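Trainee: The listed protein sequences correspond, in order, to chains S and V. In terms of this note's numbering, the first sequence opens at residue 1 and continues consecutively. In terms of this note's numbering, the second sequence opens at residue 1 and continues consecutively.
Some hints here could point you the wrong way.
Claimed, not checked - Short derived list, chain S residues pointing at chain V, Cβ under 10 Å:
| # | residue |
| --- | --- |
| 1 | G52 |
| 2 | T158 |
| 3 | D188 |
Simulated from the structure, these hints should not be mistaken for laboratory data. The structure displayed is predicted, hence computed values, not measured ones. Just so it is clear, CB atoms sit at the ideal spot from N, CA and C, and this is done for glycine as well.
So you can see what is in the structure, the chains are spelled out below.
Number of protein chains: 2
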Amino acid sequence: VPLALGVSEPLRTTERTTIGRLPERGTSDRDAAHAILDEGVVCHVGLGTPHGPVVIPTTYARRGDEVLVHGSPAATWLRSLGKGTPMCLTVTLLDGLVLARSAFHHSMNYRSVVVFGTAEAITDPAEKAAALDAIVDHVVPGRMAEVRPTTDEELRATLVVRLPLDEASVKVRTGGPNDDEADLERTDLWAGIVPTQLGFGTPVPAGDVPADLAPPPSVLGYHRPR
Amino acid sequence: VPLALGVSEPLRTTERTTIGRLPERGTSDRDAAHAILDEGVVCHVGLGTPHGPVVIPTTYARRGDEVLVHGSPAATWLRSLGKGTPMCLTVTLLDGLVLARSAFHHSMNYRSVVVFGTAEAITDPAEKAAALDAIVDHVVPGRMAEVRPTTDEELRATLVVRLPLDEASVKVRTGGPNDDEADLERTDLWAGIVPTQLGFGTPVPAGDVPADLAPPPSVLGYHRPR
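Model the full assembly from the supplied sequences, consistent with the hints where possible.
Mentor: Written out as structure tokens, the structure is:
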């Protein structure tokens with residue numbers, strides 16, 4: 001069946017992407033995954049090691065239907081990913097604290113993407129350079145147009161891996177508390193939401209930046225796509 | 001050697017807690033770990049499964065020298081943790097985007113704790129109730145004093161595990177960009193920091209809360225310990 005124009009192919013669902021708990025919060029909508037990945041700044045990468053599982057926070061970029069992660073070639077975890085060690089990459093956006101009338105129904109509003117798969121190292125220098133540009137521009141949109149270009153030496157001193165955005169699950173909770181019927185009669189108990197969002201402050205120039213050099217477009221009015 | 005009064009015993013360092021990259025960012029200071037865990041709202045839990053590694057976002061609480069995680073007894077990952085499956089629990093606080101004159105020296109300011117170990121399920125009902133209280137009060141300090149008490153049935157419908165805060169590493173980056181000497185001469189290139197912080201908005205009452213019921217102390221001026 002051909003897909004309708006403008007409708008993305010769903011994410012691949014497998015046993016491990018199937019949400020056992022509260023499946024109504026899950027979706028395999030690829031556009032939903034893209035939006036969460038594009039808004040996030042930090043992901044958490046999990047992989048097995050001879051010493052057990054490890055979870056590493058790092059930045060990333062989504063480019064099309066892959067997720068890019070970079071770092072030093074000396075980082076054991078990243079080298080391991082580049083060699084195809086099975087991995088899981090999770091991005092979580094916290095949207096609110098949900099306060100119910102009972103402790104039991106307290107919850108969080110959030111949007112999360114969990115991607116499973118194996119990555120591969122990007123070895124072609126031009127592809128690697130483009131991937132690094134994508135990561136910088138993911139964190140600070142437009143920044144690559146403002147900086148001193150990356151040198152070949154810097155490129156060699158960086159490892160970039162790409163993970164296909166294929167087998168993945170999206171989970172979203174929105175709205176207020178789901179209190180028990182009986183608790184709704186308690187007019188003395190407040191319930192609601194404390195909204196949360198990653199906030200960005202006023203840019204602080206480095207001490208050695210000329211006093212008359214204005215912040216560039218990338219940092220003026222900095223915000224995430226939402 | 002007896003520890004000086006008021007000085008915590010350091011975290012246990014092992015091969016897997018040893019920070020290979022940029023070890024100057026690492027510390028085994030237990031108080032630093034406590035402060036990060038107390039400020040954070042969400043952790044990312046990693047564990048191995050027959051289908052590969054998985055990374056789950058969830059809330060938690062630190063209580064003394066253990067970290068508490070809870071959820072439904074129907075959640076496969078949590079049941080697995082309660083049976084002693086090796087796990088890794090990471091809390092990451094993003095403090096700023098670090099913009100350098102080159103793409104290569106772009107970075108993040110952050111504070112993170114990575115805890116390794118095995119958890120156990122809390123089975124004693126009183127201990128379990130106290131652990132659940134600690135989790136609610138971690139996310140919304142003082143909230144347990146305001147809500148309808150937890151019932152035995154709710155207690156049975158919740159699984160809580162505790163992970164010793166023992167083998168762990170703390171990593172912190174602060175300050176401005178570390179640009180190359182040659183790039184500092186480029187007076188046309190801005191560099192600096194965009195500060196970031198999880199922000200909390202004005203509480204929104206649930207639709208069925210009486211209009212004249214003021215938000216309780218726990219949500220008025222909500223903030224994280226810092």
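Trainee: The structure should be examined with respect to each hint, and the outcome stated for every one.
Mentor: These are the hints, each one checked on the structure:
Taking 10 Å as the C-beta contact cut-off toward chain V, the hint placing S/G52 at the interface holds, the least distance being around 4 Å. Taken as an interface hint, S/T158 checks out: its beta carbon lies about 7 Å from the nearest beta carbon of chain V, inside 10 Å. Interface restraint check for S/D188: the shortest CB-CB distance to chain V comes to about 7 Å, inside 10 Å, so the restraint holds.
Going down the numbered hints, you'll see the structure goes against none, and every one checks out.
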